[in-house]
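Engineer: So the chains spell out like this:
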Amino acid sequence: MLICREASILSPPPGSDNLTVFQRGSARVDQARELDPERFKELRRGMEAAVAKVCPAWLRDRSDDLVQMAMMRLMAIERKSAEPRELKPAYLRKVAYSSMVDEIRRQRRRQEVPLGDDDPERPWDVMPSSDPDPEHLHASRQLGEGIRQCLARLIGPRQSAVTLYLQQHTVPEAARLLGWTPKRTENLVYRGLRDLRECLRKKGLEP
Amino acid sequence: MSNDSGSRLRGAFESLSLGARPREDCPAPEALWAALHDESSLEERRSIVTHMSDCFSCAEDWRLAKAAREAWAEGSAAPATDLPPRNTIKFPAPRASPRRRQLFALAAVFALAVVGLGLLRLVGPDTSGSHTAEYRQAMEGVVESLVEQGAELPRDRCLLRWSEAESDVLYDVLVTDEQLREVFSSEALEATELLIPAGALEEVAEGDKLLWRVGLTATDGGRRESETFEFVLAGPVGEEVSLPAEGKNES
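Order-wise, the sequence lines are chains A and B.
The opening residue of the first sequence carries number 302 in our numbering; numbering runs sequentially from there.
The opening residue of the second sequence carries number 21 in our numbering; numbering runs sequentially from there.
Treat the hints as calculated values from the structure; they're not laboratory data.
Errors might be hidden in some of the hints.
Claimed, not checked - Covered stretches of chain B, going by a simulated chain A footprint (3 or more residues, C-beta under 8 Å):
1. 30-40
2. 55-68
3. 80-92
4. 163-174
5. 212-224
What the hints assert, rightly or not - Heads up, simulated SDA-like pairs for lysine to any residue below, C-alpha to C-alpha not over 20 Å straight-line:
6. A:K389 / B:V193
7. B:K229 / B:L253
8. A:K504 / B:V224
9. A:K484 / B:E223
10. A:K484 / B:A218
Claimed, not checked - Going by beta-carbon spacing under 7 Å, a handful of chain A positions derived as facing chain B:
11. M376
12. A377
13. K395
14. R409
None of these values were measured; they are calculated from a predicted model.
All C-beta atoms in this analysis are idealised placements derived from N, C-alpha and C, irrespective of residue type, glycine included.
Chain B with its partners taken away, still in its complex shape:
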């Protein structure tokens, strides 16, 4: 298959968006954005991709989101304004370093919170005065994990779920190993679940314990954090659809 042929196919596919109308079953723009940014479940992402194969209005909306994400990842000061040229294939750049710095800062805050919580618990009931009570009250009950504490989660379906806190909140999730090194994080989630991409878990061994917590940005001001939850990484459960036994070069 030549690149030229691939470009022709892609150009022709894009041309289907000319005059395409949105449908009643089109996912909300937020859902497209969330799927592209790993903020939705695997099932939702697959559903949106299937929808795009037959809805060329959404296919174009997806390309707009993709172009914006790539411009952001490239850290370009110029706006993500140009649609990819028809005859070129634009590969995404790695994440920009400012985001990495932000994530490390989040990890540091998380580490402080965990250490602080541990210290408060170590002090014990004899000193559990009003400050301790207030602190624990703030931490507990913000959201509850819907994943059993210490449960084994398969690396290819590592789905974190938590209770809904209130309306109009956005969730941040930070996952670390026991040394509080960041494994994965995601921001500004609207859904109360997050599927950790298997790729993010490549360096985590089976049987390792991982910690996670949810941060809430609420419309009533301020920011709150959940308790720290934990789970154990298990091996993959396997692929859902088996491949036909045909070779790659058979055509």
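Isolated chain A (complex conformation):
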């Protein structure tokens, strides 16, 4: 199990009335708190739904681990609560997303291979290639490196507008995120892409 190395939420033994949350390893129980099993089940169901919403396909086989990790966060909040409170689905999704990204980042940091290595066995590369053609992939990454350099040279507003374009945001969305009018955003995307392409061509890359 990749995620739940440091902590665990035990399932209640058959016939048990309560659940106990504790740190495995150190076996510290001073922060343990008795939780109502129904309350726990309710939270667990909510979190499973939240993780299902935020979990990408390539992480689906780890969704149980992600639920556990997110539940640990929730339990920390619950411990501080005098009484059970309603946790909205929007909040559960936020917790699920944050737990997932935290774990992805931890795994990324643990990767000790140099940048640019294409080892297909690395499980936490966030964008597993859908392109089986290595030559095409190599060309794409060359173009990507050119984009990185050229994007850094764009003036601020164009850089932001083009970044959101490359992140597949529509003009209205980018306008909302950046606080500009749609018209202005459209112009900045247009001009930014023009600059980007010119820069790439100067590097011998065909955008």
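Position chain B against the provided structure of chain A, taking the given hints into account.
Structural biologist: Coordinates of chain B only, in the frame set by chain A:
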């Protein structure tokens, strides 16, 4: 510019995330989520977008949040599990109707609270017994507006700010017009400020009064509401960065 070229650029940009490492200055996942969901200030959103232009670990984290939001907005029962295919552009769907219903319910609760508060105040000091005192005590001092009551706020920088209540609370904000029709709302905020998107104010005229209140979901149980605050919508202050005088078709 062809769609094919755009797809190539986007695919190449995504490829930069392969093997990308998080940096020390990466924003917290919560901050990425908040920025994408309009729960942070304009400055924070711009800062995160600038960061993403050079941090491809965060760029991927952003795409994950975006994919999750789109799946939710589409109301799909299926999980938001697939990254957008490289050669397609996925446009977001409008907000799902359940959320709208939830917001209308919030507006109704808000309306009842405002009417209730008004009635209690109308009753006056002669009948301000213990119930009234308790009610007002519950409403006041939960959080204070850091925006001067009745202040004019520009529609393009309509920033609501309030005092921090306590640790481990999440804030909901509801903004309505004087007829208590919802203008904008946001939920599960961690920050004590909210920038109302200019787009949400398109149907509000300059000089109109808007009401807002903050709801708190605290870890000590229960939920509390702030007083109702108000501000007046003013015209835009203008864009911060002027565009070069070049035409769109000049290239």
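Engineer: All the hints need checking, so say for each whether the structure fits it.
Structural biologist: Going through the hints against the structure:
no. : hint            : verdict
1   : 30-40           : holds (count 11)
2   : 55-68           : holds (count 6)
3   : 80-92           : holds (count 11)
4   : 163-174         : violated (count 0)
5   : 212-224         : holds (count 4)
6   : A:K389 / B:V193 : holds (15 Å)
7   : B:K229 / B:L253 : holds (6 Å)
8   : A:K504 / B:V224 : violated (49 Å)
9   : A:K484 / B:E223 : holds (18 Å)
10  : A:K484 / B:A218 : holds (14 Å)
11  : M376            : violated (12 Å)
12  : A377            : violated (9 Å)
13  : K395            : holds (5 Å)
14  : R409            : holds (5 Å)
Going through the hint list in order, the structure does not satisfy hints 4, 8, 11, 12.
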